[in-house]
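Could you build all of it, start to finish, from the sequences and the hints given here?
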Amino acid sequence: AAVEQKSILTSAQDKQKSIVDAFLHAWKGYKSHAWGHDHLKPITKTFQNWFGLGLTIVDSLDTLYMMGLYEEFNEAKEWVIEKLNLNLNKDVNFFETTIRVMGGLLSAFHLSEESIFLEKAVDIADRLMPAFKSSSGVPYSDVNLKTGHSHPPVWGQDSTVSEISTIQLEFRDISHLTGDPKYETAAFKVSEHLHKLPKKDGLVPMFINAESGHFRTTSTITVGARADSYYEYLLKQWIQTGQKISWLKEDYIEAIDGIAKHLVKQSYPSKLTFVGELLSGRSYSPKMDHLVCYLPGTLALGYHYGMPSSHLRLAFELMDTCYNMYAQTATQLSPEIAYFNLQPHGTSDIIIKSNDAHNLLRPETVESLWYLYYMTHNETYRDWGWQIFQAFEKYAKVEGGGYTSLGDVRNPLLTKPMDLMESFFLAETLKYLFLLFNDNQDLYSLDRFIFNSEAHLLPILNS
Numbered sequence: 392a393a394v395e396q397k398s399i400l401t402s403a404q405d406k407q408k409s410i411v412d413a414f415l416h417a418w419k420g421y422k423s424h425a426w427g428h429d430h431l432k433p434i435t436k437t438f439q440n441w442f443g444l445g446l447t448i449v450d451s452l453d454t455l456y457m458m459g460l461y462e463e464f465n466e467a468k469e470w471v472i473e474k475l476n477l478n479l480n481k482d483v484n485f486f487e488t489t490i491r492v493m494g495g496l497l498s499a500f501h502l503s504e505e506s507i508f509l510e511k512a513v514d515i516a517d518r519l520m521p522a523f524k525s526s527s528g529v530p531y532s533d534v535n536l537k538t539g540h541s542h543p544p545v546w547g548q549d550s551t552v553s554e555i556s557t558i559q560l561e562f563r564d565i566s567h568l569t570g571d572p573k574y575e576t577a578a579f580k581v582s583e584h585l586h587k588l589p590k591k592d593g594l595v596p597m598f599i600n601a602e603s604g605h606f607r608t609t610s611t612i613t614v615g616a617r618a619d620s621y622y623e624y625l626l627k628q629w630i631q632t633g634q635k636i637s638w639l640k641e642d643y644i645e646a647i648d649g650i651a652k653h654l655v656k657q658s659y660p661s662k663l664t665f666v667g668e669l670l671s672g673r674s675y676s677p678k679m680d681h682l683v684c685y686l687p688g689t690l691a692l693g694y695h696y697g698m699p700s701s702h703l704r705l706a707f708e709l710m711d712t713c714y715n716m717y718a719q720t721a722t723q724l725s726p727e728i729a730y731f732n733l734q735p736h737g738t739s740d741i742i743i744k745s746n747d748a749h750n751l752l753r754p755e756t757v758e759s760l761w762y763l764y765y766m767t768h769n770e771t772y773r774d775w776g777w778q779i780f781q782a783f784e785k786y787a788k789v790e791g792g793g794y795t796s797l798g799d800v801r802n803p804l805l806t807k808p809m810d811l812m813e814s815f816f817l818a819e820t821l822k823y824l825f826l827l828f829n830d831n832q833d834l835y836s837l838d839r840f841i842f843n844s845e846a847h848l849l850p851i852l853n854s
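The opening position of the sequence shown corresponds to residue 392 in our numbering, with each subsequent residue numbered one higher.
The hints are all genuine.
Only pairs whose alpha carbons sit at most 25 angstroms apart, straight line, appear in this in silico SDA-like list of lysine to any residue:
#, residue 1, residue 2
1, Lys436, Lys468
2, Lys573, Asn600
3, Lys635, Asn853
4, Lys640, Leu703
5, Lys419, Trp777
6, Lys408, Asp830
7, Lys640, Ala651
8, Lys468, Leu834
9, Lys474, Pro521
10, Lys537, Val471
11, Lys573, Glu487
12, Lys436, Trp426
13, Lys807, Tyr730
14, Lys573, Glu583
15, Lys807, Ile434
16, Lys662, His736
17, Lys785, Leu811
18, Lys406, Met458
19, Lys573, Gly528
20, Lys468, Leu479
21, Lys640, Lys652
22, Lys580, Leu568
23, Lys408, Thr771
24, Lys640, Tyr765
25, Lys537, Ile507
26, Lys419, Asp810
27, Lys408, Met457
28, Lys785, Asn802
29, Lys785, Gln719
30, Lys652, Asn715
31, Lys785, Lys807
32, Lys481, Pro544
33, Lys422, Ile507
34, Lys481, Ser525
FYI, nobody ran anything at the bench for these hints, they're computed from the structure.
This is the structure in structure tokens:
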């Protein structure tokens, strides 16, 4: 038995080393062809700029540190000191900049204790604050980092509910580090406002008007894009604040009950439990975004903090479904969106439409695998994570450096590479895989830290 035990240990360590090697391969491509720009285009060996904030660097700081890649970390730190220009006359997305840039800088500060990261985090927080200047206090979607001018998105009048409800962990952390309550006050006012609005058994629509502060009630109810992290941050804020704000917990429990009541169904023939949507808040659609696969991890985290065992049961069932979204395709990679079959005579549980067949190297499934492995130590979750990692290696790895999003997971011979490596592949996907094969759980204990929506680690206050 002693010999056997050792081989399991080495294999976890070997797998973890392979994941670090994958990170270095991605980093090499980025450094060679896109250094200082937001994203690498690995096939054409060039770059893409979204905001112009060196997103891949800032988003990767904590992953580099956790992986022990200190040489690369210091090089990235030098770039932040010398080159990160936050006085940018450009509109950025308020939410994405909060979770990626502010979150990345805060996490790097907590891990390394290097003050430059805190200075930059406070600078970006100050530049984002004008977004809260709407008549309701619900932030606008876009803000100019130089002028502070803020406005709704180009495509409409409303802010997205997930965006305005997924910034509180970060702004609260800034207030605690600076001793200035204004950041937390502005952000938490939004949570308090959402708390008071009428919902459908705790479920929220996708859109909210920043001026009136009201939901667009005809919008879709989903746990996927545009609403997903509202639920995640109810729980995580309750944990971050030392489990003292009881309505956060109550709203979370009500929402999970609402999800179970209105959105959860089982497919045929294999009885996969999935989470659908209510179109216009009314008619059921068996559509599930890959983004929903964060939910089993959040449910498991909640259970760890005393939520009912029904939450853990739902987590196990959804985890199985999210794994099947990978395992049932020809490439073993999940599509961006799956439809589930509700007809008893159907032969396949999962239906993939051509428009939805792409894979952006998203983290949600491996994120949940880590949470469930952390809670249960069930080796199956490691096996599944390793299978997913091997599929990324097989289909997404680009010679010479980098990994690419794929246009079609249904055909191994024609995956239609999209020539883009999103920063979250390094910030989240590879980080959660690294943690999944980490044997020292005390290092990033979920009793001391929470991870924000971009996998950036923040301390639980007073822990």
